[in-house]
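Colleague: Count the sequence shown with the working numbering and you get residues 2 to 505, in order.
These are computed hints drawn from the structure, not numbers from a lab. Be a bit skeptical, because a hint or two may be false.
Stated by the list, open to error - Cut-off 27 Å, straight-line C-alpha distance, at most; resulting in silico cross-link-like pairs (DSSO-like, lysine-lysine):
#, residue 1, residue 2
1, K251, K97
2, K489, K122
3, K265, K122
4, K443, K464
5, K97, K333
6, K439, K56
7, K56, K35
8, K234, K308
9, K147, K71
10, K251, K56
11, K71, K210
12, K265, K333
13, K71, K35
14, K439, K483
15, K98, K35
16, K308, K251
17, K97, K114
18, K158, K97
19, K56, K122
20, K427, K443
21, K443, K460
22, K35, K489
23, K56, K333
24, K427, K308
25, K98, K487
26, K487, K472
27, K147, K308
28, K56, K434
29, K472, K494
30, K228, K210
As the list claims (entries may be wrong) - Just the calculated beta-carbon pair ranges, DEER-fashion:
#, residue 1, residue 2, range
31, S395, T177, 31 to 39 Å
32, K98, A498, 50 to 58 Å
33, D304, A67, 34 to 42 Å
34, K434, N165, 15 to 23 Å
35, V211, D304, 18 to 26 Å
36, K158, R242, 21 to 29 Å
37, Q468, T177, 14 to 22 Å
38, N406, D490, 52 to 60 Å
39, A67, E491, 38 to 46 Å
40, L465, G91, 28 to 36 Å
The C-beta atom is built at its ideal place from N, Cα and C for all residues, glycine as well.
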Amino acid sequence: MSIEEDPATIDAPAGISTKSAKIRVPDAKTVLKKPVVLIVGAGIGGLTTAMLCEKAGIEYFVFERAAKVKPLGAALSVSPNILPILEQLGMIDDIKKFSLPLTSLDMYEENLKYIGAIDGKPYRDLTGYPTFLFARAEFYNLLLSKVPAEKIFMNKKIISIQQNTNGAMIRCADNTNYHGDILVGADGAYSAVRQDLYRHLDEQGLLPKVDKEEMNMVYLCMVGTTKPLDSQKYPVLEDDRCHFSTVLAKGKPCSSTTITLPDKRIAWVTWLQMNKEESKEMMFRNTGWGSEANEHFINEVRDFPIKHGGILGDLIDATPSDMISKVYIEEKLHETWHYCRTALIGDAVHKMQPSSGQGAVSAMQDAVVLVNCIYEIENVTYDNIQAAFADYRSQRYEHAAFQVNLGTTLAKVMFGQRWSERVARKIVYNLPKWAQTKSHMKMATYRPLITFLPPPPNKAAIKLLPQKPSKRYAREQAARVKEETKAKDEAAKVEAASNVLTVV
Numbered sequence: 002m003s004i005e006e007d008p009a010t011i012d013a014p015a016g017i018s019t020k021s022a023k024i025r026v027p028d029a030k031t032v033l034k035k036p037v038v039l040i041v042g043a044g045i046g047g048l049t050t051a052m053l054c055e056k057a058g059i060e061y062f063v064f065e066r067a068a069k070v071k072p073l074g075a076a077l078s079v080s081p082n083i084l085p086i087l088e089q090l091g092m093i094d095d096i097k098k099f100s101l102p103l104t105s106l107d108m109y110e111e112n113l114k115y116i117g118a119i120d121g122k123p124y125r126d127l128t129g130y131p132t133f134l135f136a137r138a139e140f141y142n143l144l145l146s147k148v149p150a151e152k153i154f155m156n157k158k159i160i161s162i163q164q165n166t167n168g169a170m171i172r173c174a175d176n177t178n179y180h181g182d183i184l185v186g187a188d189g190a191y192s193a194v195r196q197d198l199y200r201h202l203d204e205q206g207l208l209p210k211v212d213k214e215e216m217n218m219v220y221l222c223m224v225g226t227t228k229p230l231d232s233q234k235y236p237v238l239e240d241d242r243c244h245f246s247t248v249l250a251k252g253k254p255c256s257s258t259t260i261t262l263p264d265k266r267i268a269w270v271t272w273l274q275m276n277k278e279e280s281k282e283m284m285f286r287n288t289g290w291g292s293e294a295n296e297h298f299i300n301e302v303r304d305f306p307i308k309h310g311g312i313l314g315d316l317i318d319a320t321p322s323d324m325i326s327k328v329y330i331e332e333k334l335h336e337t338w339h340y341c342r343t344a345l346i347g348d349a350v351h352k353m354q355p356s357s358g359q360g361a362v363s364a365m366q367d368a369v370v371l372v373n374c375i376y377e378i379e380n381v382t383y384d385n386i387q388a389a390f391a392d393y394r395s396q397r398y399e400h401a402a403f404q405v406n407l408g409t410t411l412a413k414v415m416f417g418q419r420w421s422e423r424v425a426r427k428i429v430y431n432l433p434k435w436a437q438t439k440s441h442m443k444m445a446t447y448r449p450l451i452t453f454l455p456p457p458p459n460k461a462a463i464k465l466l467p468q469k470p471s472k473r474y475a476r477e478q479a480a481r482v483k484e485e486t487k488a489k490d491e492a493a494k495v496e497a498a499s500n501v502l503t504v505v
């Protein structure tokens with residue numbers, strides 16, 4: 002790929018001068034101390050990347066296609082394999098204010114006959130952390146509060162990317178161009194960055210066959226979160242833990258999940274399982290996250306009983322219409338994670354089923370590992386950027402693949418309506434607690450940390466996977482200790498001299 006214009010003529014962000022924004026086009030012969038990172042997408046992965054760049058002292062800018070981000074969706078969870086990072090960032094107490102701990106996943110038939118549960122207490126005891134559930138919007142707003150507003154440019158729809166050994170550039174629909182050293186595609190499952198990158202790679206015969214294939218679409222969902230409800234009607238809303246209950250329809254490929262949240266609210270999700278033919282048809286009509294009328298789907302599930310009392314229609318009616326959205330649940334693990342000066346994170350490179358609660362977690366883990374690798378770049382050269390990207394993929398690919406596969410398996414167990422899936426569900430939900438817990442341990446033992454910040458206390462009662470340390474941070478800490486020791490020695494000498502003068 003090539004940059005059509007002379008890189009020196011590419012615009013700086015609108016309204017900001019090149020000098021004040023510290024944005025510059027790198028020259029192939031120039032060695033720079035810190036890169037400029039362009040982050041496309043102001044979702045959870047993009048904001049986490051921005052927040053980490055802020056902490057690392059790395060120059061960055063965020064570009065979001067929407068004029069205003071509206072974090073639609075139901076509940077979101079953060080689990081023990083991401084909470085140590087949030088502890089490093091000092092965010093745990095904030096999260097506790099708007100979340101409830103998850104203690105079990107309960108399953109019922111349509112007549113509310115109990116099928117079984119996955120107990121979360123042994124998992125918490127071994128990992129040292131609970132799993133927190135909360136409304137997606139509240140976590141998003143917390144992340145947004147950590148990124149300076151002047152770093153985020155809204156209403157910036159990306160129409161193309163260009164890059165070479167000298168730099169990376171994005172073109173926007175409003176005829177503005179922005180440039181930097183590194184481009185991060187954090188713009189979701191239908192990533193404009195990935196699509197343009199893959200188009201160029203395909204033209205050159207460099208795109209693997211698997212990356213040319215469409216995503217697999219398995220479920221159509223409708224999601225929402227109610228307004229505060231009457232706890233006399235729903236007594237479980239008084240509890241200090243999250244009630245996570247799934248009800249499976251009888252004779253229909255549908256199910257519903259309800260999740261209790263703070264402030265007496267309930268998040269709800271309806272699931273419609275699709276076959277391959279239905280999936281292909283939906284692919285052409287996909288609108289992703291968004292508010293739209295879908296009366297047919299609502300009518301299909303309105304009379305579903307819910308464990309907490311009443312029917313699902315009661316919760317739908319208690320949800321603001323602009324906060325109800327339809328979403329197609331896709332899945333795919335891409336092989337190409339980076340090329341030239343562009344790296345992909347989150348759903349842009351591994352879209353997974355939400356059943357494992359690892360979608361947002363995985364995007365944040367990507368951001369952590371990628372920024373860790375960028376932090377190690379002390380001389381900004383093309384070769385060093387390539388090495389950082391290769392390191393990022395090597396650290397993340399295996400674990401992302403596990404999370405994608407786990408999501409697929411759990412979706413079949415939790416929501417699948419085929420005969421084989423029903424049998425598997427009966428088995429899994431009635432396994433001994435030790436067997437249920439063991440199946441989740443691989444996910445819990447992988448906890449990438451921010452290598453340029455002090456690590457949190459290790460609360461786990463299990464052996465964690467080792468992490469590649471930061472050589473740069475180690476050198477900086479050693480130098481800091483050396484300077485502090487030198488300062489103490491100097492102060493001691495001054496004090497000793499002062500004592501001698503006093504005696505004399």
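Colleague: Determine for every hint whether it applies to the structure shown.
Modeller: Right, here's what the structure says about each hint:
no., hint, in the structure
1, K251 <-> K97, "37 Å, violated"
2, K489 <-> K122, "48 Å, violated"
3, K265 <-> K122, "23 Å, holds"
4, K443 <-> K464, "10 Å, holds"
5, K97 <-> K333, "32 Å, violated"
6, K439 <-> K56, "35 Å, violated"
7, K56 <-> K35, "13 Å, holds"
8, K234 <-> K308, "12 Å, holds"
9, K147 <-> K71, "17 Å, holds"
10, K251 <-> K56, "51 Å, violated"
11, K71 <-> K210, "35 Å, violated"
12, K265 <-> K333, "36 Å, violated"
13, K71 <-> K35, "32 Å, violated"
14, K439 <-> K483, "45 Å, violated"
15, K98 <-> K35, "36 Å, violated"
16, K308 <-> K251, "15 Å, holds"
17, K97 <-> K114, "33 Å, violated"
18, K158 <-> K97, "35 Å, violated"
19, K56 <-> K122, "34 Å, violated"
20, K427 <-> K443, "23 Å, holds"
21, K443 <-> K460, "16 Å, holds"
22, K35 <-> K489, "32 Å, violated"
23, K56 <-> K333, "31 Å, violated"
24, K427 <-> K308, "19 Å, holds"
25, K98 <-> K487, "43 Å, violated"
26, K487 <-> K472, "22 Å, holds"
27, K147 <-> K308, "38 Å, violated"
28, K56 <-> K434, "40 Å, violated"
29, K472 <-> K494, "33 Å, violated"
30, K228 <-> K210, "46 Å, violated"
31, S395 <-> T177: 31 to 39 Å, "35 Å, holds"
32, K98 <-> A498: 50 to 58 Å, "53 Å, holds"
33, D304 <-> A67: 34 to 42 Å, "35 Å, holds"
34, K434 <-> N165: 15 to 23 Å, "56 Å, violated"
35, V211 <-> D304: 18 to 26 Å, "42 Å, violated"
36, K158 <-> R242: 21 to 29 Å, "42 Å, violated"
37, Q468 <-> T177: 14 to 22 Å, "39 Å, violated"
38, N406 <-> D490: 52 to 60 Å, "56 Å, holds"
39, A67 <-> E491: 38 to 46 Å, "55 Å, violated"
40, L465 <-> G91: 28 to 36 Å, "21 Å, violated"
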